[in-house]
Amino acid sequence: MARATKSAEASWTDRYPGLGTGLVSYEDSISPEFYELEREAVFRRAWLNVGRVEQLPRKGSFFTKDLAVAKTSVIVARDLDGRVRAFHNVCRHRGNKLLWERTPKEETSGVCRQFMCKYHGWRYGLDGQLNFVLQQEEFFDFDKADFPLVSVHCEVWEGFVFVNLSDEPSQTLLEFLGPMVRGLEGYPFDLVSERYAFKADLNSNWKIYLDAFQEYYHASILHSQQQVPSLRSFESGFKAPHYQIDGPHRMVSTGGWKGVPRHMLPHDQMYPIEPLTEAGLMGPWQRPDIPELDPANLPAGLNPGGLDPWSISNFQIFPNFVILVYERGWYLTYHYWPTSHNTHAWEMSYYFPRSRTASERIRHEVTAVISKEAGLQDAGTLDGTQMGLESRVIDKYPLSDQEIAVRHLHKVTGDWVQSYLRDGRGVRA
Amino acid sequence: MSDSLLPEEFADLEPFAARWCIPGEPARYTARLNSTMADMQAFYDAAFPRVRDAMAYLDQFRLDELPERAENLLHLVYSFVMVSLPVEVWHQPRVIDAGTAYFDRYLEPAP
Ligand code: FES
Ligand SMILES: [Fe+2]
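Quick mapping for you: the protein sequence lines, in order, are chains A and B. Quick note on numbering: our numbering labels position 107 of the first sequence as 107, and the sequence is numbered without any gaps. Quick note on numbering: our numbering labels position 17 of the second sequence as 17, and the sequence is numbered without any gaps.
Okay, chain A solo, but in the shape it has when bound:
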């Protein structure tokens, strides 16, 4: 089913009546009080992706993940049975941050047989059990079995490691992800593991930056230079032809600019580096010769709108995790980790199949460099959006049909906070 433009009857937003079409407030992105609620209602209740299994290649592999939004740090480790577990990164003795390397403010990773506290040397097994206490006889009525590391709910889906900070998650990870996101199951994430990772401290609420990556309405303006000068036009607004919502999650698919995949444009409609290296914004031109990445073998849920041509599917997994899968055989992820009501730590990773040759690696580098430059434009602009919103000169804003995902994120976040308040749970001190 080819559909380069939306069909006449279609308003994407109207298909989800709960969303409405009215003006939207971004108070949820400028209010310190709302942020305090969101920490509890969203970030202590939702499943959060903290990494991938490739970061835990063997028994004893571990990494830490600092979650400022929950004022904690977690240890994610592969135990001696090969199981992935998570614990709060806090020593049971006097509360020291258990694992850190250069400074307690930075994350760390490595391989070990047990975790040892730098303060008084207490040691814990990879299963979290307290194994050694210095001068144990000096303690009173003391049983090591009473002081394991505090465990965190941890589940793995398609190689993505998720944690849930609630005492008892109301849903399993698979229930939480739901059928639309689970449509990605079967994509060969394990074969696409050559990683380029970036981080940035950004001066906007996490949702404001996420919004810029869930609509393509801005692409022809803010990223006008993605087109060579002769093709730039304010009239040629980019329309993504498929939008879908499932529970708290969203997805958007595109079929390329005006329905033509970038690598099939005439060469004079590209920048010289693209035909020179045969790579660009959308990836290396040549799809890797890996059967699992052949479109015929990809899971149907990857392109649920059946777009033809299809270029990108952009899955926004609530609250703060995004997976973009490219037709050219690679994918990227974004994470938006709040650090206050108007700042967040942003992470981006590009994943390609392992390069077998230098020219494959060079093509990955081309994509990684070009793609990052567009992100820099988003980041530069979003400081300005946060400033404008914080002026509170305007309290309600319109959203177009193409911005349905923006509408949905703010709606869902508000709904989770409302349901948390209905449950009668005050904000934790």
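These are calculated hints, taken from the structure and not from any lab test. Here a beta-carbon is modelled for each residue, glycine too, at the ideal position from N, C-alpha and C. Fair warning: there could be bad hints in the mix.
As the list claims (entries may be wrong) - Simulated pairs of lysine to aspartate or glutamate, DMTMM-like, Cα-Cα distance not exceeding 20 Å:
id	chain 1	residue 1	chain 2	residue 2
1	A	Lys199	A	Glu347
2	A	Lys199	B	Asp104
3	A	Lys199	A	Glu106
4	A	Lys105	B	Asp104
5	A	Lys71	A	Glu107
6	A	Lys199	B	Glu88
7	A	Lys372	A	Glu107
8	A	Lys372	B	Glu8
9	A	Lys372	B	Asp59
10	A	Lys372	B	Glu108
What the hints assert, rightly or not - Stretch-level coverage of chain A by chain B, calculated; a stretch enters the list once three of its residues show a Cβ under 8 Å from a Cβ in chain B:
id	segment
11	83–91
12	272–281
We have chain A; now place chain B with the ligands onto it with these hints.
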């Protein structure tokens, strides 16, 4: 034994080698921001016609066993990639409308 940085087939690029054989994207990005457009244009003009040759040359080796000069050549190509957007697109070292945004590439494959 000469003290050249690049394989002898790429002697024409040797004048750019000391400046642009840079391992690591953060250092290449810094070099770009600290360069004039004239510097980058000169490097770009010299390297552009040799990029395909460099790719073919490098592909003779196993990627994880590149000889030292070949690895330098690879880093030179990476720098060409880094300056290509200022030259082809932005006409300035910084990305237009990026403000002071900075993304730290803290992990990348080697080489
Ligand atoms: S605080 Fe960890 S051993 Fe004392
Ligand atoms: Fe953007």
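Given the hint that Lys372 (chain A) pairs with Asp59 (chain B), does the C-alpha gap stay at or below 20 Å?
It is violated: about 26 Å lies between the C-alpha atoms, which goes past 20 Å.
Does Lys372 (chain A) pair with Glu8 (chain B) here, judged by a C-alpha cut-off of 20 Å?
violated (33 Å)
Checking one constraint from the list: CA of Lys199 (chain A) to CA of Glu347 (chain A), max 20 Å. Satisfied?
holds (4 Å)
Run the distance test for Lys199 (chain A) versus Glu88 (chain B): straight-line Cα separation, threshold 20 Å.
violated (26 Å)
Restraint status (C-alpha distance of Lys199 (chain A) to Glu106 (chain A) at most 20 Å):
holds (13 Å)
Sort out whether Asp104 (chain B) lies within 20 Å of Lys105 (chain A), counting only the CA atoms.
holds (17 Å)
Just to make sure I understand the rule, a stretch counts as covered if three or more of its residues have a C-beta closer than 8 Å to a C-beta of the chain. Does the segment 272–281 of chain A meet that for chain B?
holds (count 4)
Pair hint Lys71 (chain A) and Glu107 (chain A), alpha-carbon separation not exceeding 20 Å
holds (14 Å)
Straight-line Cα separation of Lys372 (chain A) and Glu108 (chain B) no greater than 20 Å?
holds (14 Å)
Is the straight-line distance between the alpha-carbon of Lys372 (chain A) and that of Glu107 (chain A) 20 Å or less?
violated (23 Å)
Agreement of Lys199 (chain A) and Asp104 (chain B) with the hint, judged by alpha carbon distance not exceeding 20 Å
holds (5 Å)
8 Å C-beta test of the segment 83–91 of chain A against chain B, three or more residues:
violated (count 0)
When held up to the earlier numbered hints, the structure conflicts with 6, 7, 8, 9, 11 and fits the remainder.
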